[in-house]
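Using the sequences and the hints, build the whole thing.
Which chain is which? The protein sequence lines are V and W, in order.
The first sequence lines up with residues 1 to 408 when you count with this note's numbering.
The second sequence lines up with residues 1001 to 1132 when you count with this note's numbering.
Quick caveat, the hints were computed from the structure, so don't treat them as lab data.
We treat Cβ as the ideally placed atom computed from N, Cα and C, and that holds for glycine.
Incorrect hints may appear among the rest.
Cβ-to-Cβ under 10 Å is the rule here; a few derived chain W residues that face chain V [to be verified]:
no.: 1; residue: E1032
no.: 2; residue: H1039
no.: 3; residue: I1064
no.: 4; residue: R1104
no.: 5; residue: C1107
Some chain V residues well away from chain W (every beta-carbon gap over 10 Å; in silico) [what the hints assert, rightly or not]:
no.: 6; residue: N16
no.: 7; residue: R17
no.: 8; residue: K259
no.: 9; residue: A267
no.: 10; residue: A378
no.: 11; residue: M406
Chain by chain, the residues run as shown.
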Amino acid sequence: MNLDINKIKTDFPILNREVRPGTRLVYLDSTATAQKPSVVIDSMKQYYEMSNANIHRGIHQLAEEATSMYESARQKIARFIHARSTKEIIFTRNATESINLVAQTWGRKFLNAGDLIILTEMEHHSNLVPWQMLAEEKNLELDFIPVTEIGELDSTAYDRLLEKNPKLVAFTHMSNVLGTINPAKEMVQKAHDAGALVLIDGAQSVPHFSVDVNDLDADFYVFSAHKMVGPTGIGVLYGKEKLLAEMPPFLGGGDMIKKVHLRSFKANDLPHKFEAGTPAIAEAIGFGKAIDYLSAIGMENIADHEKKITQYALQKLQVVENLKVFCPNVTERGGVISFEMGFVHPHDVAQVLDHYGIAVRAGHHCAMPLHEKFGLPATSRASFYLYNDYEDVDLLVIGLQHVNEMFA
Amino acid sequence: MDDFYRELIVEHYKNPTYKGTLDPNDFTYEDENPLCGDHIRVDLRVDENQVITEAVFSGHGCAISQASADLLMESIIGKPLDEVKKMTKETVLELLGIELGPVRLKCALLSLKVLKAGLYGIGNIEEELSEI
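Here's what the structure looks like:
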């Protein structure tokens, strides 16, 4: 089914603003953060205006309402990614915090000196640094699945790494730079056959296509609300219940406890064991609304739309002189295109595009090792979401031609 | 934005007057902006009164970082080192004649950062740079 982009665009108030008088916004930076539809914004406003209260403890009407709204968001998320139970959905600040949570609880408890963690060369810093920190603390080994020239993970090298008896494999479901969608299910199965657990960074996948954590058999799966038309400040750690139950708590404080004595405490049941202190209640409610919004449109339809836009863009960009797409021949690709423009610095590309109201990202996109591998200090990146249309791509192409004119 | 890019910045970026290296030199220092990998090196020669007689920069970066480096080199020639040490971000912004957001500000100030870090010596960098 084709998306009704004109209707969708009206759902997002920001897309109707002018960046400068007379210049409409062409937002091509959804990989950094997505825009928010009014239903999400309104749900948070309504919570603050009508039901604001702290959750789980209060015995009054507002607290009951707030608790029920917060927990119903958790149910929506569990259903959305096909988790078996809400006990497997832990609210965090974002995908980054979710990864840190696993590193600092599961990692600290179950990993020992010399244990191997397999990562990949295409990881976002958020799936590198938490493991580097843990490796330093516990003397762990880190190894990396290489990225091929095409921009995909080297599966032969992965097989060889698995022979080294890793304890954990952590990889991104979709690269935020190359757009590569990794064969997650197959990779999980191989890791399990080798006796390793698997953490998948789903920050770029959950917003863009249907994800079934049960079918993938992922042990941990993390993502952020703000990249899927939800608010900032809230994310999710999905973990298999059995694993989460064995893990010690992360942060200590209110709500994560059952009982507290002066010198000891008893941790709360899942999922609350990992949610210390007053959480981001309004954001959880907004997150739930974001899931409703995406579900109503349908993740298959969104994925399909992004695929069409991306193919169209890849083709259109060929007419731009000096432009070279970073790994154009990735087989399974999401709506992300990174590129370089001859000697024109990515900052200058972005600044000139900004003049025409076009928002792209310029830099290393929190993936310095990947850029280093390909010998690039930085790239420009255009990314697409459900609210982008063919005209957005056409305007990007015109903008890039202006870049060429200016720096020719 | 368009006009300044087209005229001043692009001109200095494409045809910098003070790009190069000096060998021998009395002073050389380099650093980079981790945000974008921009890299700048500054080489100076000074006379017996510690007045700058020659100043050049080298490296790679965006138009703003390169243009501001070119303008900065032009402005410090003939100045005593002590005076250069006192230069601030306002000095560079005045040279560029534009207003910049916090992200692009880092690009514009990279050359000043390199220059001051070198002049003050490693030990005092952090404190001084927090001022920039």
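Against the structure, the hints come out as follows:
1. A hinted interface residue such as E1032(W) counts as satisfied when its beta carbon comes closer than 10 Å to some beta carbon of chain V; here the least separation is about 9 Å, so the hint holds.
2. Hint on H1039(W) holds. Least Cβ distance to chain V is approximately 8 Å, under the 10 Å limit.
3. The restraint placing I1064(W) at the interface with chain V holds, with a minimum CB-CB distance near 7 Å, inside the 10 Å limit.
4. For R1104(W), the shortest C-beta to C-beta distance to chain V is roughly 7 Å, which falls under 10 Å, so the interface hint holds.
5. Because the beta carbon of C1107(W) sits about 6 Å from the nearest beta carbon in chain V, less than 10 Å, this interface hint is met.
6. Separation of N16(V) from chain W is adequate, the least Cβ-Cβ distance of about 23 Å exceeding the 10 Å criterion.
7. Consistency note on R17(V): stated as away from chain W, and its beta-carbon is indeed over 10 Å from all of that chain's, at 18 Å minimum.
8. At the 10 Å boundary, the C-beta of K259(V) stays outside the reach of chain W, the nearest C-beta of that chain being 46 Å off.
9. At the 10 Å boundary, the C-beta of A267(V) stays outside the reach of chain W, the nearest C-beta of that chain being 39 Å off.
10. Against chain W, the non-interface label of A378(V) is violated: not every CB pair exceeds 10 Å, the least being about 5 Å.
11. Not every CB of chain W lies more than 10 Å from the CB of M406(V), the least distance being 6 Å, so the non-interface label is violated.
The structure fails to meet hints 10, 11 from the earlier list, while all remaining hints are met.
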